[in-house]
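All chains, full assembly: derive it from the sequences and hints.
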Amino acid sequence: MSKATDIVSPDHAAADHDDHHDHHIPKGLMRWVLTTNHKDIGTLYLWFAFIMFLTGGAMAMVIRAELFQPGLQIVDPNFFNQMTTVHGLIMVFGAVMPAFTGLANWLVPMMIGAPDMALPRMNNWSFWILPFAFSILLASLFLEGGGPAFGWTFYAPLSTTYSGDSTALFVFSVHIMGISSIMGAINVIVTIFNMRAPGMTWMKMPLFVWTWLITAFLLIAVMPVLAGAVTMVLTDKFFGTSFFDAAGGGDPVMFQHIFWFFGHPEVYIMILPAFGIISQIVPTFARKPLFGYASMVYATASIALLSFIVWAHHMFTTGMPVAAEMFFMFATMLISVPTGVKVFNWVATMWRGSMTFEIPMMFALAFIVLFTIGGLSGLMLAITPVDFQYHDTYFVVAHFHYVLVTGAVFSIMAAVYYWLPKWTGRMFDITLAKWHFWCSLISVNLLFFPMHFVGLAGMPRRIPDYALQFADFNKWISIGGFAFGLSQLIFLWVMIKACRKQGEPVSSQVWEGAEGLEWEIPSPAPYHSFETPPVVK
Amino acid sequence: MKQLERCVLKACTALVLLVVGTTAIAAGSNDVSSLNLRRGATEISGQVYDLHMLMFSICVGIAVVVFGVMFVSMYLHRKSRGAKPANFHENVKVEIAWTVIPFLILIFMAVPAAKTLIAMEDTTEADLTVLVTGSQWKWHYKYMDREVEYYSLLATQREQINNRYNKGENYLLEVDRPLVIPTGQKVRFLITSDDVIHSWWVPDFAVKKDANPGFINEAWTKVDEPGIYRGQCAELCGKDHGFMPVVVIAKEPADYEAWVSEQESIQRQAREEEQRLLAMSMSKEELMSEGERVYNAACAACHMPNGEGLPGVFPALKGSVLATQNDPTAHIEIVLNGKTGTAMQAFGKMLSLKEIAAVVTYERNAWGNNTGQLIQPKDVNAVATGQ
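Sequences listed follow chains G and D, in order.
In terms of my numbering, the first sequence opens at residue 1 and continues consecutively.
In terms of my numbering, the second sequence opens at residue 538 and continues consecutively.
What the hints contain is simulated information worked out from the structure, not anything from laboratory work.
Any given hint could be a false lead.
As the list claims (entries may be wrong) - With the C-beta cut set under 10 Å, the calculated list includes, among others, these residues of chain D facing chain G:
hint : residue
1    : 584
2    : 596
3    : 604
4    : 606
5    : 653
6    : 655
7    : 704
8    : 752
9    : 767
10   : 773
11   : 850
To be verified - Below, computed lysine to aspartate or glutamate pairings styled on DMTMM-like, alpha-carbon distance capped at 20 Å:
hint : chain 1 : residue 1 : chain 2 : residue 2
12   : D       : 621       : G       : 512
13   : D       : 616       : G       : 512
14   : D       : 855       : G       : 144
15   : G       : 475       : D       : 706
16   : G       : 204       : D       : 627
17   : G       : 497       : G       : 429
Where a beta carbon is used, it is the ideal one built from N, C-alpha and C, also for glycine.
Here it is as structure tokens:
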């Protein structure tokens, strides 16, 4: 990473042109609708993701309110199932993935010294179909019979023969999300392959660029598999096929194989860019180059490859042959080796550094600790005989929320705080951001840590009501949930203030230890940057 | 920066306190199982528990070492303490070490895990076999070598769920007819489903196996101690997934034998009674009161106690053509045989002729469906036998 920053001629040319271009920025709504500018599209993606994060979060609040105490109080079980389903779909496809795509849009061109993404018009299209996808999904909740209620994993035949008519809308909206993701991924790959500045060789690329490149390949490999799965659900339900119906020669377990062949790489789609973000932030605030740059790249690639041969660890209880169970157990355990290498590298980067603890670093440190907790519970889940006990309990819910909320979402927050001053040219409100960090950190652990306990004690997931021995912990979990939800309103406040250009102006480097091409251009980053490519030695 | 230092230290303390605190709350309660996996009631479940504790300890060990180094570094190597950054960024020996050592730890974990797994999946040489069939939202048990089979439904009252009555000790974990198995014998379960995927789970046996429609899975257990063991459906199976418990009673072999013989004779008598009923007519009051009981147990989960169903999901019976048209044949037929391609199950094998006659009568006369028609067991028998 550090090598990438030995810049011979920083982009003075582009800076000179900035004023010239600035007054070409279109104004008003049409600027955002018609924009092909990677920075505008990045902003759109990030705001869209944040709105979806709050929407999916509101659904989580409904779930936690119903689970606050035993008995049915607020919603009926059918609506509860719609909430868990749509919460999952929105958070995965509406919040985490678009947020990472937004970061890629903003950062990849600036990090590799390119003027924009390679395919700007497609970039506009890949964003603007997303609001339609989620409008369709959310609208289905208001139909007679309600929206999808079969879990975000939509296992057949619950999602086929036994689902409501809104399944057609669910399928259509997932198709649109998939098209958007594939177009976004193509754009990232083409940009990175073709538009790197002279001298920006593969092994000089910042890790965020590397992890996103690998993520983009994962997306292109598995999103069509998801499209196939939803299409088969559609034809099974409405057109009389029997892909997943044994009575017609199909197999419901085949659905799970197809779904998880998409679903497991999807997990890494949501965490590899996070690894990239942390690998940018930790060296900055440790004032020391990233330890083991090459091994980070190789570890990312190994995780991506291994992610294709572990899918059935989500299916240990479906009744696989012992040999298959062993294969998937060992393959899954193997993933902890490259993941461990990453964590060790981050710790080694901090070792004998000169650390300071600005907001992005706090989120990054919280990420390393809490993601590792989620990773370790993942290792426990890999062990087939004990997975029989953990499977489909709150232990699993705790595990994947540790890796997705304190993992992926915390990394996105770290990234936003890290690059926000570069985007707006001003420092965000540090006091509020500290409140956001501490409130989030404490509440998120109150929310998800006790889930390990209720899960081990035997509470199944996706139930609207539970036995009395789980009551105490569920109350605390719900309180943590409400607190975490409210904490995000502080984040909203910080963002609104930042977008209204409040705060002290910052230098182009922003953070003392920051290195990389994006820190060479002025803050705020001009509307058009690197029109003449910089030369990287 | 001093302030930030203190903040970080406070954060670590807060986190530790949080973990210790929640642990203490859990440990403080009488029920030890509210915090951790149960050791369970079988040799296998004990092995699984030991494996769980082994993996957990290894993970805690790894966490302590990694976070320990990280926190020491955060304390010592701070700019505010005057730390000057070193400039190393790779070390082949270290990197090989932290690739190889985790790999060795994994092998250490994998060996006992594989052994237990093989033992768990060995369903051969069973002493008896029970066919477990899930359907929305109940379990059916059939003893393969005996003439005994029955459905097992949630026994918790609706009023407890709706918070009108106080909740009982085994709230949501109690059924009308538990599965009964003998202790000390290897019981093999054949597990399947009539509709969607369910999962039959008894934590104390460390048995969780999916019930897949159209396919049969195998599992087994050998319980050492007599007792009552409770579990739940573990795979999302629709609206009442959370209301589908599993209760197993393990009895001494002699008690089990007495119980199963008694059940055989009760079920034989019931079949004889059924034939006798065909010649008799039941009164409206009798049909309606029995019908309401059956409706609430078997039909109300989908069609709702008020007969209005869930619009767009489950059809209403109140005022429906099927339940009010003159000819009741189609109504009886759909209750008996279900409707393919929908969630409507075939109740012919779950309910007796008398119960079906009663519930059809109830549905045709309740909630303003005042057809005035009485359906007798012999009418149901006529439809069932195609007369």
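Results for each hint:
1. 584: Status holds, d = 7 Å.
2. 596: For residue 596(D), the interface hint holds, since the closest Cβ of chain G sits about 4 Å away, which is under 10 Å.
3. 604: holds, 6 Å
4. 606: holds, 5 Å
5. 653: Status holds, d = 4 Å.
6. 655: holds, 6 Å
7. 704: Interface hint status for residue 704(D): holds (6 Å vs cutoff 10 Å).
8. 752: With a minimum Cβ separation of about 6 Å from chain G (threshold 10 Å), the hint on residue 752(D) holds.
9. 767: It holds, given that the least Cβ distance between residue 767(D) and chain G is near 8 Å, below 10 Å.
10. 773: Interface hint status for residue 773(D): holds (5 Å vs cutoff 10 Å).
11. 850: holds, 5 Å
12. 621(D) with 512(G): Holds. Residue 621(D) to residue 512(G) sits at ~14 Å (cutoff 20 Å).
13. 616(D) with 512(G): Holds, at about 12 Å.
14. 855(D) with 144(G): Holds - the C-alpha atoms of residue 144(G) and residue 855(D) are around 18 Å apart, at most 20 Å.
15. 475(G) with 706(D): holds, 19 Å
16. 204(G) with 627(D): Distance of about 15 Å is within 20 Å: holds.
17. 497(G) with 429(G): Distance of about 8 Å is within 20 Å: holds.
In this structure, every one of the numbered hints holds.
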